[in-house]
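Asker: Here are the chains, one letter per residue:
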Amino acid sequence: MNQAPDIRRLVDDARNGNREAFHSIYECYGSRIYNFLYRLLGSRHEAEDATQQTFLIALNRLGTLREPDLLESWIYRIARNEVYQKYRRKQVDSLEDDNSRPFAERAEDQRILGQPEKALLNEELGAALQSALNSLPFKLREVFILAVVEEMSYQDISGIVGRSLLSVKTDIYRARLMTKERLSQYIGESSRISAREGKA
Amino acid sequence: MSHFKEAEISAYLDHQLSADEGCALEAHIAECESCHSVYSEMRSMTRLFREAERFEPSPFLWSRIAADLDESKASAFDWKASLVGGLRSFGWSRGVATVALAALLFSGITIFHSRNSHIAEQAAMVEIDQVYQRLTAQDPDKYNPFSSASSSHETDINPFRSFRLSHTTNSTPEIARQH
Numbered sequence: 001m002n003q004a005p006d007i008r009r010l011v012d013d014a015r016n017g018n019r020e021a022f023h024s025i026y027e028c029y030g031s032r033i034y035n036f037l038y039r040l041l042g043s044r045h046e047a048e049d050a051t052q053q054t055f056l057i058a059l060n061r062l063g064t065l066r067e068p069d070l071l072e073s074w075i076y077r078i079a080r081n082e083v084y085q086k087y088r089r090k091q092v093d094s095l096e097d098d099n100s101r102p103f104a105e106r107a108e109d110q111r112i113l114g115q116p117e118k119a120l121l122n123e124e125l126g127a128a129l130q131s132a133l134n135s136l137p138f139k140l141r142e143v144f145i146l147a148v149v150e151e152m153s154y155q156d157i158s159g160i161v162g163r164s165l166l167s168v169k170t171d172i173y174r175a176r177l178m179t180k181e182r183l184s185q186y187i188g189e190s191s192r193i194s195a196r197e198g199k200a
Numbered sequence: 001m002s003h004f005k006e007a008e009i010s011a012y013l014d015h016q017l018s019a020d021e022g023c024a025l026e027a028h029i030a031e032c033e034s035c036h037s038v039y040s041e042m043r044s045m046t047r048l049f050r051e052a053e054r055f056e057p058s059p060f061l062w063s064r065i066a067a068d069l070d071e072s073k074a075s076a077f078d079w080k081a082s083l084v085g086g087l088r089s090f091g092w093s094r095g096v097a098t099v100a101l102a103a104l105l106f107s108g109i110t111i112f113h114s115r116n117s118h119i120a121e122q123a124a125m126v127e128i129d130q131v132y133q134r135l136t137a138q139d140p141d142k143y144n145p146f147s148s149a150s151s152s153h154e155t156d157i158n159p160f161r162s163f164r165l166s167h168t169t170n171s172t173p174e175i176a177r178q179h
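Chains as they are written, first to last, in the working numbering: chain A, 1 to 200; chain B, 1 to 179.
Warning: the hint list may mix true and false statements.
[Stated by the list, open to error] As a list, the in silico DSSO-like pairs of lysine-lysine whose alpha-carbon atoms are at most 30 Å apart:
1. A:K139 to A:K180
2. A:K86 to A:K139
3. A:K139 to B:K5
4. A:K180 to A:K86
5. A:K180 to B:K5
[Said to hold, decoys possible] Partial list, computed: chain B residues near chain A (C-beta under 10 Å):
6. E53
7. L69
8. S107
Derived by calculation from the structure, the hints in this document are not laboratory data. What you are looking at is a predicted structure, and each value in this text was computed from that prediction instead of being measured. Cβ coordinates follow ideal geometry from the N, Cα and C atoms, glycine included.
Produce the complete structure using the sequences and hints provided.
Answerer: What follows is the structure, given as structure tokens:
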């Protein structure tokens, strides 16, 4: 992650309408927010729209940010709320994802890029990981992604999703159990590889 | 031997246990086969996600955001956030900035209201002058406030004699001069 040298100064400049400061804030957090939203939504197109909306809201409401040091959590909270609103509007607990695209078609893209077998395995694993995430209820999925993929502290996650620390901790644990079941085939393989690497 | 809760093992993998708790857990799983098995499976699954590809947005996404920003700025101006933000840039806290804006607004309304009251008061005085001029034209003795004769009327209808209007000094000299 690109950490801004002085977030406070950046926020102040952005509040005063400095477009370069706006851009720097996007450069700092854009990729992380997009990856979070992609994992949450399972769709590149949806994630890009949500990222765009998140930054528009964030930059327009920057004047209401009380503590500039909390900018990162604040942007994550906006992103999470944007997705949550979308879920409420759609009244469904899972959205379309890239997995609707035929697996063979995506694998073909990888073969063209080289390393055909490894690419195929990576592609299959990537699809399995996203599928496991998509199967989680939204409440568990959001905290699991923030903790495991984005590696945020439980304290920050608690602030982002607006739930108690204990609730966050329990939900992450429950999500781990459910995900472990769905990925048991890959976990066994991963454990064997880790053991081999350990011996070597 | 008391086993660790699986939720604690999960928190350990996310680096959310204290140093003491982490050391205790590590010592335990080194000796407890069942806890080690749970730990090992959770760790493998966690690694799959942490080592997975991270996705990047389109390089054109910022251009789209910037274009939308221009559009939204042109169509709407959040004056409150802008003013509060402006005051905060001088080191004012959000609360103080909001109170200052509220005070400014209140002062503006008060000044506007008092100015309007003053104008209304002046208009009333002009109207009284005009009425009095008409009356004195009809019967100068009766309505002249400086005439001794007028004070001897049984039914005194001279408005300038009443206590209520005795302080209206602005218009009285003008009327007096006219006579």
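Asker: Against this structure, judge whether each hint is valid.
Answerer: Hints and how they fare:
1. A:K139 to A:K180: holds (17 Å)
2. A:K86 to A:K139: Between A:K86 and A:K139 the Cα gap is close to 14 Å, so the pair holds against 30 Å.
3. A:K139 to B:K5: holds (22 Å)
4. A:K180 to A:K86: holds (28 Å)
5. A:K180 to B:K5: holds (17 Å)
6. E53: holds (6 Å)
7. L69: holds (6 Å)
8. S107: B:S107 check fails; min Cβ-Cβ to chain A is 23 Å, beyond 10 Å.
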